[in-house]
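**Student:** What follows is the residue order along each chain.
Protein chains: 2
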Amino acid sequence: MIQVCIIGSSGHFGYVLDGLREVPEARLVGVAPGSPGETMDKVLAGASRLGAAPRLFDDCLDMLDELRPDVAAVACHFGDHARVAAEVLKRGIHAFVEKPVATTYSDLRMLRDVYAAGDARLAAMFGSRQMPHFRTARQAVREGAVGDIRLIQAQKSYRLGSRDAFYRQRSSYGGTIPWVGSHAIDWVRWIGGETFESVLAMHSTRDNKDHGELETTALCHFRMTNEVFASVSLDYLRPPTAPSHGDDRIRIAGTEGVLEVRDGRVLLMNDREPGIRELPLLPKEDLFPAFIRQLDEEDGRVSAEDAFAVTEACLKARQSADEGRQVLF
Amino acid sequence: MIQVCIIGSSGHFGYVLDGLREVPEARLVGVAPGSPGETMDKVLAGASRLGAAPRLFDDCLDMLDELRPDVAAVACHFGDHARVAAEVLKRGIHAFVEKPVATTYSDLRMLRDVYAAGDARLAAMFGSRQMPHFRTARQAVREGAVGDIRLIQAQKSYRLGSRDAFYRQRSSYGGTIPWVGSHAIDWVRWIGGETFESVLAMHSTRDNKDHGELETTALCHFRMTNEVFASVSLDYLRPPTAPSHGDDRIRIAGTEGVLEVRDGRVLLMNDREPGIRELPLLPKEDLFPAFIRQLDEEDGRVSAEDAFAVTEACLKARQSADEGRQVLF
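Residue numbers (this note's numbering), protein chains in the order written: chain A, 30 to 358; chain Y, 30 to 358.
Calculated from the structure, these hints are not laboratory results.
Mixed in with the good hints there might be a few duds.
Stated by the list, open to error - Just the calculated beta-carbon pair ranges, DEER-fashion:
id, chain 1, residue 1, chain 2, residue 2, range
1, Y, Leu310, A, Arg306, 22 to 32 Å
2, A, Arg294, Y, Thr254, 35 to 45 Å
3, Y, Glu242, A, Arg306, 46 to 56 Å
4, Y, Gly241, A, Pro303, 41 to 51 Å
Note that beta-carbon positions come from the ideal geometry of N, C-alpha and C, so glycine has one too.
Make the full structure from the sequences, and use the hints.
**Tutor:** Following this line, the structure appears as structure tokens:
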């Protein structure tokens with residue numbers, strides 16, 4: 030039996046609760062807050078719907094020391110991800126961590142060092158990687174559907190609504206580029222397959238409806254290896270009347286075609302057939318069960334490198350936006 | 030009767046031929062090449078379909094001096110626009126010029142000076158301004174459909190095909206940012222209503238299928254007044270199998286909604302109604318008749334400022350891409 034704990038209730042702990050249904054060999058044994066002021070009510074309610082009865086701890090370190098779980102999910106305030114994940118890893122416990130895995134360079138360095146010093150696994154909650162449309166897009170591009178990739182445009186657009194207090198401070202929220210942008214920056218790298226060389230980004234807190242330091246808009250412009258260019262557009266401007274919460278898009282133009290993800294669909298034009306084709310979608314693949322399955326695999330440490338690389342790209346983009354200058358990798 | 034000449038056959042001289050049908054008081058009296066090696070066969074063929082029989086000159090300056098037309102359209106190699114347009118203006122003749130109106134800073138400065146010294150009018154062939162979808166988008170945005178504009182993404186994607194020899198050299202072509210990008214950069218300014226503050230751009234000639242110095246891809250990232258950010262993505266990667274020659278798009282996100290132009294349609298979401306609405310389109314308004322009509326109007330010199338400002342933005346973006354650094358306005 031694989032013992033699982035959840036720390037925090039601010040990120041996508043639902044990935045773990047949903048995933049547990051698919052992993053009968055795993056059991057939720059404990060939950061605890063990871064940041065000041067977090068309550069675990071929503072997590073406990075979700076657990077009870079699963080038929081699980083985890084113990085509630087006030088202190089996540091006490092929980093880790095007492096229960097000694099195999100896996101801990103970290104989903105507290107974003108500014109605390111690195112510190113808490115490091116405590117998990119130091120105890121030899123595998124960490125399934127909300128992205129970005131750190132919100133400062135020093136925290137990222139610290140987490141990388143702790144990870145490198147041990148054998149425990151780490152993966153970030155790149156939620157869109159589990160989605161049929163992004164999985165399908167990646168497979169098609171990797172199989173050559175657009176030839177050599179030359180240009181990428183990615184977009185995340187969300188409703189703002191009224192966000193918890195911790196979103197309003199850089200120290201706990203981390204910034205819109207790391208929080209919202211990490212997904213799109215991951216797509217650029219995960220689907221595009223190139224490495225970041227430089228970034229120029231901009232962000233603005235204008236019209237954020239009393240959300241303090243939260244940036245409402247951001248635009249990042251990456252130069253990748255092989256003269257591939259990528260734009261990442263981020264905003265919280267999606268109106269409340271929109272047909273869905275988010276509007277995720279990516280367009281990948283290559284030497285032999287153009288592929289787009291939009292409205293959960295994958296559209297392809299290429300040299301081989303006339304017109305625009307909608308690709309049949311791969312099934313959803315839940316992240317948490319995949320993380321559990323790869324704990325026994327040799328190459329299971331790849332996921333941590335993805336988490337660190339994307340987090341670093343987010344921090345460089347945020348630095349660029351803060352300082353108004355291009356930042357090199 | 031308004032006497033009209035056409036110089037060159039490389040740009041959109043069709044705007045003039047089409048427009049003449051709507052302007053019975055104007056008559057095409059002469060045509061001549063504007064750049065070495067240009068033939069005027071296509072222009073003459075188009076004229077004869079109109080029932081016009083313009084005189085063909087070998088030298089455009091001889092034509093201007095002998096016919097003394099009221100208006101001359103300039104549509105030669107792009108690197109010759111400024112020189113030829115200046116000759117037109119110096120003679121007190123109104124100039125309807127293919128964009129960009131110059132391909133170097135010194136030519137732009139020279140053309141601005143010549144324009145300022147006289148009374149003749151100048152307008153650039155911003156062809157998409159005449160299109161129903163862009164006219165509708167601008168009207169809606171200017172009427173407040175999305176509230177205050179915060180973020181803009183624009184795209185031009187073309188088929189490359191096999192282009193004339195003059196496209197293969199920077200000196201005659203000017204670059205993909207000025208040639209293709211001038212449209213999208215014009216939308217950003219014309220619809221968005223803000224002023225450029227800085228630009229970072231990148232471009233690449235990779236995989237240009239023997240088109241010499243022609244850039245296949247470009248990505249421009251503008252900072253505008255009021256912390257409005259705009260990306261402009263340009264490519265010649267549209268496959269031959271695509272359903273149309275070009276794929277023009279713009280997305281404008283504001284404090285109260287998001288408006289998009291895509292596939293010739295205008296889609297709006299905002300706070301006022303649920304879901305996505307497709308806006309009814311304004312009619313097409315041909316550029317050339319509009320230019321002729323405004324020759325008698327007081328504010329008819331606005332169009333030249335648009336042409337100069339967009340050309341300058343293109344040249345700064347191209348400089349940024351050439352030098353790999355941000356350029357200020």
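**Student:** Would you mind marking each hint as holding or not holding in the structure?
**Tutor:** These are the hints, each one checked on the structure:
Taking the beta carbon of each, Leu310 of chain Y and Arg306 of chain A are about 28 Å apart, inside 22 to 32 Å as hinted. Taken as a hint, the range 35 to 45 Å holds for the pair Arg294 of chain A and Thr254 of chain Y, whose Cβ atoms sit roughly 36 Å apart. For the pair Glu242 of chain Y and Arg306 of chain A, the beta carbons lie near 34 Å from each other, so the given range of 46 to 56 Å is not met. Judged by the Cβ atoms, the range 41 to 51 Å given for Gly241 of chain Y and Pro303 of chain A is violated: they are separated by roughly 29 Å.
Violated hints for the displayed structure, listed by number in ascending order: 3, 4.
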